[in-house]
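Residue numbers (the working numbering), protein chains in the order written: chain C, 1 to 153; chain W, 1 to 207.
The hints are simulated quantities; they were obtained by calculation from the structure and are not laboratory data.
Just so you know, not all the hints are guaranteed correct.
[Unchecked claim] Interface residues of chain C toward chain W, partial, derived using beta-carbon atoms under 10 Å:
no.	residue
1	Val26
2	Tyr61
3	Thr62
4	Lys65
5	Leu74
6	Arg77
7	Lys78
8	Glu109
9	Ile112
[Claimed, not checked] Only pairs whose alpha carbons sit at most 20 Å apart, straight line, appear in this in silico EDC-like list of lysine to aspartate or glutamate:
no.	chain 1	residue 1	chain 2	residue 2
10	C	Lys78	C	Asp27
11	C	Lys100	C	Asp47
12	C	Lys100	C	Glu67
13	C	Lys65	W	Glu192
14	C	Lys78	C	Glu55
15	C	Lys78	C	Asp47
16	C	Lys100	C	Asp23
17	C	Lys65	W	Glu144
18	C	Lys100	C	Asp130
19	C	Lys100	C	Asp27
20	C	Lys65	W	Asp195
21	C	Lys65	W	Asp158
From the three backbone atoms N, C-alpha and C, an ideal C-beta is built for every residue, glycine too.
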Amino acid sequence: MMRTAAGLAPSSSPPLSPQVTVDFNVDDGNYAPGDNIRARYRVVGVDRHAVTAIEQSVAWYTEGKGEEDLGVILFERKPLERVEPEPASAEPLVGVISGKLPPSPLSYEGVIVKIRWCVRVRLFFVGGRDFVSEHVFFLGDVPVARPPEPAVS
Amino acid sequence: MIVARSLHNPFATRFTRPGQLAWRSRTHSPAAVLDRLEHLGGRGIISGPHGSGKSTLLHHLLVEAATRGWPTRFLRLRSLADWPRAVATVLGRRAADELLCIDSWEVLAWPRGLLARLASQRPGRLVVTTHQPCGCGDWPVLWETRSEEQQFVELVADLLRQSPSPPVEFDDALLRAIFSRHGGNTREAFFELYDRYERWVREQVAA
Numbered sequence: 001m002m003r004t005a006a007g008l009a010p011s012s013s014p015p016l017s018p019q020v021t022v023d024f025n026v027d028d029g030n031y032a033p034g035d036n037i038r039a040r041y042r043v044v045g046v047d048r049h050a051v052t053a054i055e056q057s058v059a060w061y062t063e064g065k066g067e068e069d070l071g072v073i074l075f076e077r078k079p080l081e082r083v084e085p086e087p088a089s090a091e092p093l094v095g096v097i098s099g100k101l102p103p104s105p106l107s108y109e110g111v112i113v114k115i116r117w118c119v120r121v122r123l124f125f126v127g128g129r130d131f132v133s134e135h136v137f138f139l140g141d142v143p144v145a146r147p148p149e150p151a152v153s
Numbered sequence: 001m002i003v004a005r006s007l008h009n010p011f012a013t014r015f016t017r018p019g020q021l022a023w024r025s026r027t028h029s030p031a032a033v034l035d036r037l038e039h040l041g042g043r044g045i046i047s048g049p050h051g052s053g054k055s056t057l058l059h060h061l062l063v064e065a066a067t068r069g070w071p072t073r074f075l076r077l078r079s080l081a082d083w084p085r086a087v088a089t090v091l092g093r094r095a096a097d098e099l100l101c102i103d104s105w106e107v108l109a110w111p112r113g114l115l116a117r118l119a120s121q122r123p124g125r126l127v128v129t130t131h132q133p134c135g136c137g138d139w140p141v142l143w144e145t146r147s148e149e150q151q152f153v154e155l156v157a158d159l160l161r162q163s164p165s166p167p168v169e170f171d172d173a174l175l176r177a178i179f180s181r182h183g184g185n186t187r188e189a190f191f192e193l194y195d196r197y198e199r200w201v202r203e204q205v206a207a
């Protein structure tokens, strides 16, 4: 069964409102260290001729109360060819990113810090604006951390 | 059902760090502050207490400067050990229209007065942030930041609205109490909300 994840888009607003869906090649996006990931993405809601390039990556990052850390494992930038003049096209943009996942860091849902793995799709538009969509998956099976119980006196 | 391991905490630093939050001040815009910088001769200090929005203003100034076509550079100082990097950046300036922004000028401690004098002899615009406007040569105060309770409440609403995770509601009275408890330090207030969100998520999962 494929898993489709809704994206997170913390970047600047694009001219249209792209919607990116990602299908992972394993159930629920759960991978073991060393697995091969294959993620197919589909972008709708955007005029494909307004997109100059797509960056696709597999990365991990920390999220929490401190400074962020980041590692990019797979990365590819795909410039899109443009032929002038072109009519607007709502045809979806599709792509695939695949590769072998490393042994670490494992996904971790801590209280103060979390380690997240994601497939990231970044669209660059004519005029320089961009749009980022992140789709979380999991590497390993570390249990969710629980905050310590208050001491009982 | 809520699954804790796939939730984003809306108060994590990746969402609250300078540059991520929308500009919320009713009293001034980054454009107006840049205009004032020009009026003051191109050098200025942004001063204010911890968590009052100095770095945030600096980031919005950089964005505004870029829209004006000014070359921009940003340097964040973390400790006195960054002194060589600060010297290289300040003395390496050549372009008269460049805006150089340096965050946390105060960490340079005693060498900052000397560096300020050297920086004044270089071309280009310069804005630094510091808690106290001392050790900055004769640079004027460009802006004094002050966090406001209502602004904090609106920023929290922004963060919750933008978050893809299930919303948690904080009533205004609680937010105002948190803001007050941290003495108007927005960063620390966000940290408390981060902890509250983590507890809330785990309670939901347990339920």
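Do the hints match the structure? See the list:
| no. | hint | verdict |
| --- | --- | --- |
| 1 | Val26 | violated (15 Å) |
| 2 | Tyr61 | holds (7 Å) |
| 3 | Thr62 | holds (8 Å) |
| 4 | Lys65 | holds (6 Å) |
| 5 | Leu74 | violated (21 Å) |
| 6 | Arg77 | violated (22 Å) |
| 7 | Lys78 | violated (26 Å) |
| 8 | Glu109 | holds (4 Å) |
| 9 | Ile112 | holds (8 Å) |
| 10 | Lys78(C) to Asp27(C) | violated (28 Å) |
| 11 | Lys100(C) to Asp47(C) | violated (32 Å) |
| 12 | Lys100(C) to Glu67(C) | violated (27 Å) |
| 13 | Lys65(C) to Glu192(W) | holds (10 Å) |
| 14 | Lys78(C) to Glu55(C) | holds (6 Å) |
| 15 | Lys78(C) to Asp47(C) | holds (17 Å) |
| 16 | Lys100(C) to Asp23(C) | holds (17 Å) |
| 17 | Lys65(C) to Glu144(W) | violated (26 Å) |
| 18 | Lys100(C) to Asp130(C) | violated (28 Å) |
| 19 | Lys100(C) to Asp27(C) | holds (17 Å) |
| 20 | Lys65(C) to Asp195(W) | holds (9 Å) |
| 21 | Lys65(C) to Asp158(W) | holds (18 Å) |
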